[in-house]
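4 protein chains.
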Amino acid sequence: MHRDTMANIGQDEDFDAARKKAEKLGAKKVFIEDLRSEFVQEFIWPSVQANAVYEDRYLLGTSIARPCIARRQVQIARREGAQYVSHGATGKGNDQVRFELTCYALYPEVQIIAPWRIPEFYSRFRGRTDLMEYAEKHGIPVPVTPKAPWSMDANLMHISYESGVLENPKNHAPSDLYQMTRNPEDSPSEADVLEIAFAKGVPVRVTHVKEGKSKDTPLEIFCYLNEIGGKHGVGRIDIVENRFIGMKSRGIYETPGGTILLHAHLDIETFTMDREVRKIKQSLGIKFSELIYNGFWYSPECEFVRHCIDKSQENVEGRVQLSVFKGQVYILGRESPKSLYNEELVSMDVQGDYDPCDASGFIKINAVRLREHNRLQGAAQKKL
Amino acid sequence: MHRDTMANIGQDEDFDAARKKAEKLGAKKVFIEDLRSEFVQEFIWPSVQANAVYEDRYLLGTSIARPCIARRQVQIARREGAQYVSHGATGKGNDQVRFELTCYALYPEVQIIAPWRIPEFYSRFRGRTDLMEYAEKHGIPVPVTPKAPWSMDANLMHISYESGVLENPKNHAPSDLYQMTRNPEDSPSEADVLEIAFAKGVPVRVTHVKEGKSKDTPLEIFCYLNEIGGKHGVGRIDIVENRFIGMKSRGIYETPGGTILLHAHLDIETFTMDREVRKIKQSLGIKFSELIYNGFWYSPECEFVRHCIDKSQENVEGRVQLSVFKGQVYILGRESPKSLYNEELVSMDVQGDYDPCDASGFIKINAVRLREHNRLQGAAQKKL
Amino acid sequence: MHRDTMANIGQDEDFDAARKKAEKLGAKKVFIEDLRSEFVQEFIWPSVQANAVYEDRYLLGTSIARPCIARRQVQIARREGAQYVSHGATGKGNDQVRFELTCYALYPEVQIIAPWRIPEFYSRFRGRTDLMEYAEKHGIPVPVTPKAPWSMDANLMHISYESGVLENPKNHAPSDLYQMTRNPEDSPSEADVLEIAFAKGVPVRVTHVKEGKSKDTPLEIFCYLNEIGGKHGVGRIDIVENRFIGMKSRGIYETPGGTILLHAHLDIETFTMDREVRKIKQSLGIKFSELIYNGFWYSPECEFVRHCIDKSQENVEGRVQLSVFKGQVYILGRESPKSLYNEELVSMDVQGDYDPCDASGFIKINAVRLREHNRLQGAAQKKL
Amino acid sequence: MHRDTMANIGQDEDFDAARKKAEKLGAKKVFIEDLRSEFVQEFIWPSVQANAVYEDRYLLGTSIARPCIARRQVQIARREGAQYVSHGATGKGNDQVRFELTCYALYPEVQIIAPWRIPEFYSRFRGRTDLMEYAEKHGIPVPVTPKAPWSMDANLMHISYESGVLENPKNHAPSDLYQMTRNPEDSPSEADVLEIAFAKGVPVRVTHVKEGKSKDTPLEIFCYLNEIGGKHGVGRIDIVENRFIGMKSRGIYETPGGTILLHAHLDIETFTMDREVRKIKQSLGIKFSELIYNGFWYSPECEFVRHCIDKSQENVEGRVQLSVFKGQVYILGRESPKSLYNEELVSMDVQGDYDPCDASGFIKINAVRLREHNRLQGAAQKKL
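From first to last, the protein sequence lines stand for chains A, B, C and D. Here the first sequence is numbered in the UniProt record's numbering, starting from 1 and rising by one per residue. Here the second sequence is numbered in the UniProt record's numbering, starting from 1 and rising by one per residue. Here the third sequence is numbered in the UniProt record's numbering, starting from 1 and rising by one per residue. Here the fourth sequence is numbered in the UniProt record's numbering, starting from 1 and rising by one per residue.
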């Protein structure tokens, strides 16, 4: 029995039309699931806590959507007694891995059908034209709008663009590519100033300082940050990244709300977290990013890392003020009841409970090792 | 015998006046050293190779200047037979550590005089007024311009601002603070597009695409990037950071050229470097950043890490095109003779030498562990 | 008011004599605290969970005793309203750091008196003879037995030996040095076989397989393992290590019970823990070891790491059989209700739910990156 | 054309018989290659430099043999113009990966035939009996000795045992299993004392202290250490390990010479290497171990890591004395012209160029962060 599952994860899509199409094509049951809230709370929020960034640049908008979607698909499959699940991801990409590892983890006995890895299928349909002909012949409705010369994946967190004309890494992206963010050249010439309040490392309220407007549920907060970020052209990147399957690919992403949150969270985190905890947490965050990029959201190691990162966020609480303008996010100031910042201690005008003489001993002891190294292995001479 | 050493490391300063002042105050010899070229080549370039960023945000402009300055000071001290060196860094900051660790490493027998850690000195001069009175009384020339209500440190790479009104981390920085970058609100409404050519991970030429102008010596390249970055307001950050001596402090930085280079180098590096080498190199870069922030440029571990990072850059070669606009750097495209990007391999339209069926096996084997975990420790059930 | 605190942490000492001596010397109150149980449960057990080993060899017996002792001292000081605490550790060692960081962390306002860092004290007493003369003159009782030509520190977990004749790193340790373990040359020529049961990564019972004898409280388990390990000469090492203050020192240690537990725990952990969790946990364990060596038991980062390691131990449960013989511990077998070992899956005789063809795809995909690297950067040729 | 390649990598084998058998079975060319010297120098020595140990226990004897063998096979295949290579590793193990990744890296165009992953093959031969019948029927000579109820892999570095009766992880290994080491119960009751001299982190001479005998070529040194280690039963372990393909397996290993070298190298390395370099190098060594276990010897990342580790060994030079006795290696002493150990600096009897007062400052500054944490986040109270 053919069942069709579709997730509303924030993309701009006509779900009614999708339902009709699925039924027309023979689906006995069609599930269209609104996952937006759980996507924000269970997937975006932990990524915010982690400052999750893959290879120093990519904010993982597609990567974290996959386990969210696949989890629901598996839940339905188990409930419905389905032994097979299927997806339409290609055979060269990361998404096949992300979908399937989630399925195998949450439903170890499941069988997976991936048409784009079945020779009969991919040899039959070598390009878009083949697919179009087939659709026409079999009365499958297809979008009439001409397809853009690249492919695109959208959700609440971001839109990604790749393939087609973008495959040549030297080609500049066309300026009309972006759909979620305004071109910074055309964006407002006045900044919006926001205050974001955090508790346990996740945003609990965003306020527009001038307008006084505020949002305080996860979905609303995130949508509002997307709105403001999008309005000012925030979060566009053009990168070459390393896929899990071993090839490099070029991707263009826009992540307006996520980019604002990354800046704000980094700020409040450093303000409230001990330096050495932060270092350990930073390396866990890098590990986390790699795991979710590679599709291991539902793995024992990712669950372990998530737990540890969550623990690190206990005191990450406070408010950050920031300005959003012309593609950029500027941190303006921060305050917190849990801050480890001690204005008196650090002040250049107040000595406070700090004896500068201690620093001499501190430096001398730190130098013991360096002096020995240079004396005994004669290294000092070489450098001068 | 009192000798005075002063480094021209790119700051805006009247060196003649400084020389006269030193002589007037009794210096028998005055050394004013132009370190700009070696600062770029020996200190900034390795930081570019490392993508050196402290605590995810700070580009280390002050940190890397200190060992450059102190090295020259030590060279002069050794040559002149001086047994003591001195500096004016405060007792609560990082710079005292950076200066002194360099001195101890390169001149293990040296004695260091740090007035701001000598009780007789810092008890005598409790604030600016005490110092002014003393200067006046003893005929020491001081700047007549009223001091800004914060302190500032400038070099070729950046200007940092801290203390005074900035000590309250909630206070917004005044908009007239910045001296190296134009306010993005007032910056040009047209982007400049640059092409930066890299070899072995360092820039070897920058070209203004429209104007055709190009620079190809390290110092000129860096100054030109500062000029363009400054013109467009690139590289401003406002952060709270963790000092080596254990306190948090608030700093504001502007690093125009360095910020452009960070973006460009990240791009060409990911384009030409193997994924797994990159991961290892990334963690070495984080270590490197921490070491130089803490003052350990001349330590065995930092030398080891620099060597390893340098090795990783062998194939980091090619050209990056980028646009600089309104405080932001946008990567537009890249090309390289050493790229590991294979357009045919990654293409969604060409199968190339890649069998999609292999991905099934790859995923299945990666799932072995996840399925076992969920089966044997019954973890799958808990998540659905 | 002078109060004297002394910890019974398992060392062989005449506590009554110590009390009398303290009272005779003017202590108004003398606290002799039996910390053995809390030392095992709160300090040794977490180290077992972490497989804590410093610099690949040292099991940290002294390092973990210091925060245990200092914590109690601080508890008493706070309760008694004492504003000063003191200790007798030297100025070149690690122990001063470990004691004092614990004190400062748990009693931030405390003042610490460390005589061996007070010039009047250490200039007055330059060696043992000075101390002896002073003691005799002032009627302070001292041990009459001639002191061994090295120094020693003992607790339940280990005895360490250093200084004196051991300071020359080339000198072999005298064979009569060891007090906790029998010389393997003289140890029994028959092994003892033990079974150790673990739950949540800590031992909950040890059984002598042949004799049927078993222990099941933390203190008894650890003492029994010391007894068996000591009988067979287990856990002797002679190392040069790196002190926190930057110098290398030579130490000789014997850690009989701890060594047995390290072997047993490594075994049951790998048996029950996911491979990738283990990798992350391994690096946390190394960090943990470094932190406790350096005296940071009571630091935010060490608490964070302990929490994470503890989390990793949830399923570390089962029984390990091992043989103890002539200085060595041999693992013989293991079993666990939480094991991730699947005998059928791994069997060379049974195919099970595993398709060997999947391995081809797995290998091919893993090779994608290697082949590209060698093709595009021409690296393959160089190696042949 | 069928060519047969066989490597002499130190295993105990009748190579003449093997050649005849291959020719009888139709090989047009038979290559029997003595790889022992290059195995020691190019594979074992880098592992010694790295202190390479997988999952804290396994010394990787099989892992490092595979790339050595496969490299030669590929060299021959390229030279002979062969487009296919084949091997007999099973479909569940690590060795298939190690062989094939080496082949793909060094000969990216090669095709690999792995019969144990071809359904026609492994369905036809389900067990030993099927194979025996087939051999008899087709006149293929097979060993007449009854096969041990486990499988075994031997080379110069170690012998591994797995499968059969060993598959139950609870079963103790039979005492007659080991072939390379004597049972410690039957080993000599007198120790052998060796001195091993290192340069650049690899052994350059081993001397039997009492007998005066010494060896100084890599192959002779390693064989002699195997002889002494084997005589005293050194290097036996029984572990459960995590295979790259995601399953846990139980293996028993004996690595006599490698175990002695691990102890000796750890000792001389810590004696001559800076503490912080060592920490970085330790994590590179763990990465290296994982890479070679997983088959990535010829990968860009492993080459990078090897380069870095090699760099770290520049000053790892000196002599270690050790005693080998009853399954154990005891370090006795060490000396080095490059040591960073400073006997005067560390001495408890000499103050040297060290001011104990500096330690007070060092500790106070290290405590700044801990005190702030406990004051501001009120953490101190909770712990007392």
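These aren't lab readings, by the way, just hints derived from the structure by calculation. Any given hint could be a false lead.
In this list, chains with the same sequence are indistinguishable; a pair is considered to hold if it fits within one copy or across any two.
Stated by the list, open to error - Here are the computed lysine-lysine pairs in the DSS-like style, where the Cα-Cα straight-line distance is at most 30 Å:
hint: 1; residue 1: K200; residue 2: K210
hint: 2; residue 1: K338; residue 2: K24
hint: 3; residue 1: K137; residue 2: K279
hint: 4; residue 1: K279; residue 2: K200
hint: 5; residue 1: K24; residue 2: K213
Exercise. If the cutoff is 30 Å on CA atoms, where do K279 and K200 land: within, between, both or neither? Let me know, please.
Key: Both. Shortest intra-copy (18 Å) and inter-copy (27 Å) distances satisfy the 30 Å Cα cut-off.
Quiz item: Between K200 and K210, at a C-alpha cutoff of 30 Å, which is it: within one copy, between copies, both, or neither?
Solution: within (26 Å within a copy, 49 Å between copies)
Quiz item: Within a copy, between copies, both or neither: where do K137 and K279 come within 30 Å Cα-Cα?
Solution: neither (59 Å within a copy, 49 Å between copies)
Practice problem: Up to 30 Å between alpha-carbons, please classify K338 paired with K24: within, between, both or neither. | Solution: neither (57 Å within a copy, 48 Å between copies)
Quiz prompt | Within, between, both or neither: K24, K213 at alpha-carbon 30 Å | solution = neither (45 Å within a copy, 61 Å between copies)
In the structure shown, a violation is registered for the earlier hints numbered 2, 3, 5, in ascending order.
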